[in-house]
Amino acid sequence: MRKICSVLLLVLLAAGSAFAQPQVEVKEWTVPFLNCLTGPIAAIGEYLEWGAERAAFEINAAGGIKGKPVKVVGVDTAMDPQKGSVEMAKLVENTLVALGPVPEPVIMAAMPIAVENGMMSFTATTSYEYAVKYFPWTVSWFPPTELRLGVLVAAWAKQFSDIKTVIQFVEPYGPWPGMADAHVKGLTGMGVKVLDKVEVPSDAVTFGPLAVKALDAKPDGIVFVCNAEKIAKIIKELKSRGWTKMDHLLVFSSGDAPELYSTGGKDVDGIQVYNYINPFVDNPRWNAFKAAFEKDHNGMAPFSLSPNYYDALYMIKEAIEKTGVTGDPKKLKEERKKIADYCANVKGFKGIQFNWDMKDGVPTNKPTYIFTIENGAKTLTKEVR
Amino acid sequence: MPLPLYYFLSITAVNVLMSWALYLPYRVTNLHFIVVANMAISGYTAAYMVMNLHIPFGVALLAGFLLGGLIGYVVSLFIGDAPTFAVVIVGFTFIYITRTVIENMKVIGGTLGLFGLPSIGGSPAVHRWIIIAILYGLVLLVGFLIHRFDHSRLGRAASAVFVDKELAASLGVDIKKLGMLVQTFSCTLAGGCGVLYGFIYRSFHLDFFTFHLVGIYMTTIFVGGYTTLWGALILTPILYGVPLLFPSAIQAWRIVIYGAVLILVLVLKPEGFITRRRVASIETFLSRIRKKRNIQ
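These protein sequence lines are chains X and Y, in that order.
Residue numbering for the first sequence follows this note's numbering, beginning at -12 and increasing consecutively.
Residue numbering for the second sequence follows this note's numbering, beginning at 54 and increasing consecutively.
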């Protein structure tokens, strides 16, 4: 009998060890975030960092990742490719997974290092066209520009039967001209004539001549693909020259930034904006996020990119928990791959605003929204899927 | 070689070479910012040659040097003896024009940039060693050439031009030819640096070549010392490397620290840390040691 009991005990122990979760090898999960904490876009960097740290705060309050706390460590690149590349080179030596880099020039200098060393890094603020170059070691946070934006702008134009011609203000920066091209395809697909674009120089300081040029073409609608502050100034110029159909003005997602509202003031009331996040979502996580953001930012509502790295950290958490990652430095290569593979094809990921799926690193069912600005704040006009 | 060390060494070498590319024309009072535009033009051209025309990297690099030199020469025909301010304006204008042209050329990526430059030599490790070897070979060669220039009749003529152009002309110095020589040499060097800069990152983006670079090189030569080549050589690794060692709490103050150092240097030591007198005293000290050894 004793023999049988011993054998049974051994079998149970063996089975138990075989099915047990792998032991976590770290005291704390450290996730570095290559971000712009100083330099020309430090304000945006702060919002992004805040989102990631908010997620870490919530995760730790709920018991951490596999029972261990997570810490987001901000690594400043100051928007400098020279600094970004050295910092990424330091990280790839022993980091499991990273957030960033931000923005495109630093992504282009630093991401090849992550790819070469097989380390996943979330470039969650850039467009698909940049992210896809670094697959499978990053995922795209946005669907391909050409597929999504055409549909979105067409949905805007469909609201107004009098829109027959549209003109675009386009600033030559990173993916923006590509976004403008996607708008053209969407609009021409529904029979709207797109007039020659008005190019907005990156160093433009006066906008009157640009507004005159656009008005001279007599468009029925205008789409803005440039920096938020410039959009606000161009709209002021358009209004001062007699433009009245405010909802016939559409601002692209990157233009939906605090400068649009602070510089535009009452002059931007009535215009429409498209974006990937919806501040009117009503769920406990988003409500808590919004309240905390407003508390830490003098009552300002969350900026459109601020939840991106919040969701990215939760995605890392899910990947670690569901793939048996232990944080063991000896398994670094294999565990990095596990995280990358999981994130590239995650299904039903519970984001702060909505659930979504990924297929080969690309989100397949994220919604987009069109808003109208009223009294300096957005109101939801329609959801576009 | 550890990766961070590779990036530190390679970017430092580019910064040293580019600071020299600014230093040399400044010997005849020309602040020749066109070198930053040259980096971009040659860099993008070489990348296109390698990626689309499948031309070997060595040939593309050589083409980058030549293209830089050609642009420098043609421009110098017009501004070889121009006043400092005019040269500055031409440089800034060139940077703007270059950006606009590249933004509108989809064949080289336009505003998106160029991705996926290949590894030279077939593997990333070999790529890194080749880049480092070329860069430090260039640092030695260019350093030697500038050192010889500074100690030659041409260098003394450049010093005379720096002090007083009219006086130098009355002494028989051909100001325009001298200006053309240093401008062409600087642009040639910048062209090659542009190619190597992009191949360090294995990408090209327009924002790699901004006025930010002008700021870095200006700070280097004005804090390091604009009267000798040693200022740039010594100060570049310090200005670039020390901030990387700053704890994160101090990182945010980096720009303030830079600004304060620059103001202090301009007020207390307008010629920069490494002056010609300091170099001469070190040379005298070293020659005394050598003589003593010879006597013993």
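In case anyone wonders, no lab produced these hints; they're calculated from the structure.
Don't take each hint at face value.
For lysine to aspartate or glutamate, the following EDC-like pairs were computed, each having C-alpha atoms within a straight-line distance of at most 20 Å [to be verified]: (1) X:Lys184 <-> Y:Glu219; (2) X:Lys120 <-> Y:Asp260; (3) Y:Lys159 <-> X:Glu116; (4) Y:Lys159 <-> X:Asp183; (5) Y:Lys159 <-> X:Glu186.
For clarity, every value in this text was computed on a predicted model and none was experimentally measured.
Practice problem: Could you grab the alpha-carbon distance between Lys159 of chain Y and Glu116 of chain X and see if it respects the 20 Å cut-off? | Solution: holds (14 Å)
Quiz item: Is the hinted pair Lys184 of chain X and Glu219 of chain Y satisfied, with a Cα-Cα distance of at most 20 Å?
Solution: violated (51 Å)
Exercise. Sort out whether Glu186 of chain X lies within 20 Å of Lys159 of chain Y, counting only the CA atoms.
Key: holds (16 Å)
Quiz item: When you check the alpha-carbon spacing of Lys159 of chain Y and Asp183 of chain X, does it fall within 20 Å?
Solution: Since the Cα atoms of Lys159 of chain Y and Asp183 of chain X sit roughly 18 Å apart, the hinted pair holds (cutoff 20 Å).
Quiz item: Going straight from one Cα to the other, do Lys120 of chain X and Asp260 of chain Y come out at no more than 20 Å?
Solution: This hinted pair holds, its Cα atoms lying about 18 Å apart.
Hint 1 from the earlier list is the only one contradicted by this structure; the remaining hints agree with it.
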